[in-house]
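In order, the protein sequence lines correspond to chains A and B. Residues 10 to 293 (this note's numbering) are what the first sequence spells out, left to right. Residues 13 to 334 (this note's numbering) are what the second sequence spells out, left to right.
It is worth saying that the hints were derived from the structure and are not from the lab. Take the hints with a grain of salt, since some may be wrong.
[Stated by the list, open to error] Computed spacing ranges between beta-carbons, pair by pair:
| id | chain 1 | residue 1 | chain 2 | residue 2 | range |
| --- | --- | --- | --- | --- | --- |
| 1 | A | Val266 | B | Ala100 | 27 to 35 Å |
| 2 | A | Asn192 | B | Arg17 | 48 to 56 Å |
| 3 | A | Arg169 | B | Glu207 | 38 to 46 Å |
| 4 | B | Glu207 | A | Gly173 | 36 to 44 Å |
| 5 | A | Ser125 | B | Gly155 | 22 to 30 Å |
| 6 | B | Val30 | A | Asp182 | 55 to 63 Å |
| 7 | A | Phe90 | B | Ile290 | 18 to 26 Å |
| 8 | A | Val266 | B | Thr188 | 41 to 49 Å |
| 9 | A | Leu172 | B | Ala100 | 55 to 63 Å |
[Said to hold, decoys possible] Covered stretches of chain A, going by a simulated chain B footprint (3 or more residues, C-beta under 8 Å):
| id | region |
| --- | --- |
| 10 | 114-125 |
| 11 | 223-237 |
| 12 | 276-282 |
Ideal Cβ positions, reconstructed from N, Cα and C, are used throughout, including at glycine.
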Amino acid sequence: MEFWIVQILNGISLGMLLFLLAAGLSLVFGLMRIVNLTHGSFYLLGAYVGFTVIGRTGSFFLALVVVPLGVAGLGLLMHRFLLRRFQGAELAQVLLTFGALFILADVSLWSWGGYSQVLAKPEFLSGSFTIGTIVYPAYRIFVIVTGVIIALLFWYVLERTTLGNMVRAGVDDEEMVRGLGINTPRLFTAVFGLGAFLAALSGIIGGPLVGAYPGADFDVLLLALVVVIIGGLGSIGGAFVGSLVVGLIDTFGRALVPELAMFTVFAPMAVILALRPRGLFGKV
Amino acid sequence: MRSRRLAMASGLVVGLFVLGVIGRLVPTYYTGLMTEALILGMFAVSLNLLLGHTGLPSLGHAAYFGVAGYTTAILTVRMGQSVWVSAAAGIVASLIMAAIFGLLVLRTSGVYFMMITLALAQVLWGIAFGWRSVTGGDDGLPGLARPDLSPVVPWSLVSPANFFVAVLIVFVLVMTAMFLVVHSPFGYTLRGIRESEARMDCLGYHVWLHKYVAVLIAGGVAGIAGILFVYYHGFVSPAELSLVQSAEGLLMVIVGGAGTLFGPVLGSVVVVFLRNLISGYTERWLMVLGLIYLLVVICAPDGILGSLRARFRGLFDQEAEA
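Same shape as in the complex, but just chain B (with noise of 0.2 Å):
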């Protein structure tokens, strides 16, 4: 078991090394493609954390990813902040976000919970979108250069080669610290809430506290995905904070398959792939968009992985419950 865990470490290791080094010497075009498949792939799976771990359908997402993004965007535009203090600020700006919202949200379930998550993160659209002073409104925030770490680390991001990199890199440490979690006691007790949480509950766990937790990790985790998202884009708008935004990663989720670690970063790369691709064929991509949720919905509801498992039960066993 510890050498199977040992192997399939190192492995990762190299293939991320190999991912690293493919950065750099394909077109630029896909380069961006590939850091962004990352950057959705993180948003992804901190959303994966409610929906397929906790069992809390989330559709306002895209708040704690937005208003991440926003913080930023606007300390180093508007007030000339440092990378540091701005990403720094995002993160704590989503966390705040996500415990306010926890707050709320949690006092409903099922269907409800949708529809107040949905409301809520309308909420922070709508104020992106009317506040245009602060925010720039519609036409969003420009200007953002992706940043040059100097001062406390000699490496400039500006690159797009670079900057690949550097996502890389936070994406291997969100995604080991994602995987911590899943398998640690807290990971085991979320999924016991998800399958019956009147169980857990006469088992004495704190079922809300859980929760509660589960709502900030995601939104921290959603928030590191929204401000490499605007360094990425250079350009923070309402869209970032809209039901788009978030049922994008539901679809992600989805097509990747709910409840497993890697199956959102998976659905990640399909959908920007296959964005991509079909926006180069037709301007009717967000028809395709909309036929794509319905087969996904009607086709394959457990996803990519989710149905590979199924198919394959006995080989992948051990980390079946992961």
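The shape of chain A in the complex, shown without the other chains (with noise of 0.2 Å):
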């Protein structure tokens, strides 16, 4: 009984994780319609950066803070120089932001070395929460909790807010967006930002359990990929079951069926694309 709860906060706290990453991925996917192999650099950036700030300050927060503003930075600048110049030419765009993984891979490659790096914890969450005869890491109920606060803020944005209805109807029929006078380019440039902002921000969040290596970027990249698959390509419910299923999924294969663990990941992915290849929760 115990080794299931476990498992279950263990496959909840990844799908928080992993929503962080497939939150980005899918808006800039189902908005602009990039295929951003970039994301899972954004991710690894932010989780060296963030190493290397926890190390010289010796403050978690100032790294969650200021971080993803930094890496958003440079996803602002690489869609405002590199990807506007090529809106609509998929092809194009897809070989850029692999162009960009490539030469940000070889500059972390280059800055922090060939090493793992797992980033420390903050002092007060690295102790654990006993419940009964339960215990279980303060740190992953922290996970937990950012996730759900971040995914609540998005529903808020994206459901009540002006903003979000620009970008929700952007989803819809981007050209119509346009018509009525809205700054589109401008919005994307900003989605693509925040898409960069959500994935340093879950390198760091994600630093102390996964680590961040070489590598990283293209196993991070893999899950988002799937995740989005699963949860219907542009749509942030979507990815939060998504992301839980495939947390849960992931962790249980892990536990029970080692060897096949990346397969295990994959088989619902294929079921999916076979019967909805547009996802769960996907426009038809």
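With the hints as a guide, bring the two chains together.
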């Protein structure tokens, strides 16, 4: 029984981490039809820079605020000066993000070496909760709570604000939104920056659990991709459900059949693809 | 027209013969590079059938390349099968994979197509990476010797020069087959689908079936390239199934010129030689490669042959639509 509860909690915390990652990827995809292969690199950059900032200042929360903003700035520049010129040219944009993936991977390797780095947890979250006979690390609870807060924020902004209206309308019909006089290129750049922000944020929050290592950019991109495909491209609700599904499946897969760990994540994706090519919540 | 084709064909034969002789004369290192460029050229040509001719931007073409490579390597190394059995099984495996993936990916188009091809190829990568007892996991599967064809054909491919000639022969066969496919009514239909799917549908063509057959052909050819690649390196690893491999194919197609017959081969030669040249000077090859991706998209989206063709439109008119 304890095994199951702990594993379910693990699955949910991984799911929340995945949500932070996949939400940005899904939004960027839904709004501007960019398969952003640099998304994993933003995670990696967030984790590495966060590692350095925590090492220098000793403050986890400073890193949590400052680093994602910096990475978001990089994302804004990348969209403004590279991707925006190729709006609508899908293959060109994919290749650009792939080029940026290589460059950022090499910059990371150059700056932080080929070692695997694990971020230090903040002091007061390094302990654990005890409920009955179950001992559970406080940090994972923190991840779950953060994920839920971000999801609620997302829901509020998307459903209850003008900005959210513009974004949702843009996902449905970009041309019409442009026709209504909304500056969609600027909106796109802002959303791309937001995606980078969230990826870097998940890099820092995931840093103490997953860590930063060469190749993490690919691993993370892959998981986010699976989530987005299961949940439905461009749907934040879908990303939330997809994240929980993948988080739980991956956790139980690793615990029960370790050798097929990768496969247990991909099998449901293949089933979804076969039955609903646009994902659970995608618009058909 | 006929005499011109004949002249081109004989010119090609002489050129290939010269290439074969050069392969024996130059240092082994360069023979190796030429071999690799031809193999990856075939991979790029097969991707080009989808991207350049049919308008299907696959981000997971390495799936077929790697599946054939793994099948061949596993049969040879783990089960001691002959080169003929292993290679045939490799091609069959890539065809089966293309038949399955084709069913899934052709339900989507455009940017969804990219994402789903990418995801499916990553599934295979994940299996190769995780299933250690069969695939060797991250370490890959070493110990694959270049084959001796002796019981059937008295020819050993162990020496790099001989292997190069064998690859050259396969290359010529593949390119001839691709030339025929691209210039057949089937090929013209594919380009019609690329330009307007709805129009071809209205004209009474079975669009889905044409695309499916294109996926099968592209998968099979990528499989052939994958098998040669594994024999060339004597080694197979998850890298062969990775996004990096798929994207390298895309780069080659675009550098050379999408929708041209020899453009992807040219792209492959450029990328392979550039990689070896630059790796000699700096450890930052990955960064240079990234910059190449950016530069190609920004400065030369039509590729080398595409740009040349635009410049000499009058000269190449006869072949322009190929």
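Against the structure, the hints:
1. A:Val266 / B:Ala100: 27 to 35 Å: 32 Å, holds
2. A:Asn192 / B:Arg17: 48 to 56 Å: 55 Å, holds
3. A:Arg169 / B:Glu207: 38 to 46 Å: With Cβ atoms ~44 Å apart, the hint holds.
4. B:Glu207 / A:Gly173: 36 to 44 Å: Taking Cβ atoms as reference, Glu207 of chain B and Gly173 of chain A lie about 38 Å apart, which means the hint holds.
5. A:Ser125 / B:Gly155: 22 to 30 Å: With Cβ atoms ~29 Å apart, the hint holds.
6. B:Val30 / A:Asp182: 55 to 63 Å: 58 Å, holds
7. A:Phe90 / B:Ile290: 18 to 26 Å: Check passed, 25 Å falls within 18 to 26 Å.
8. A:Val266 / B:Thr188: 41 to 49 Å: 47 Å, holds
9. A:Leu172 / B:Ala100: 55 to 63 Å: This hint holds: roughly 59 Å between Cβ atoms.
10. 114-125: Check passed, 5 qualifying residues.
11. 223-237: Since three or more residues must qualify, the claim that chain B covers the region 223-237 of chain A holds, with 5 doing so at under 8 Å.
12. 276-282: holds (count 3)
Comparing the model with each numbered hint stated earlier shows that all of them hold.
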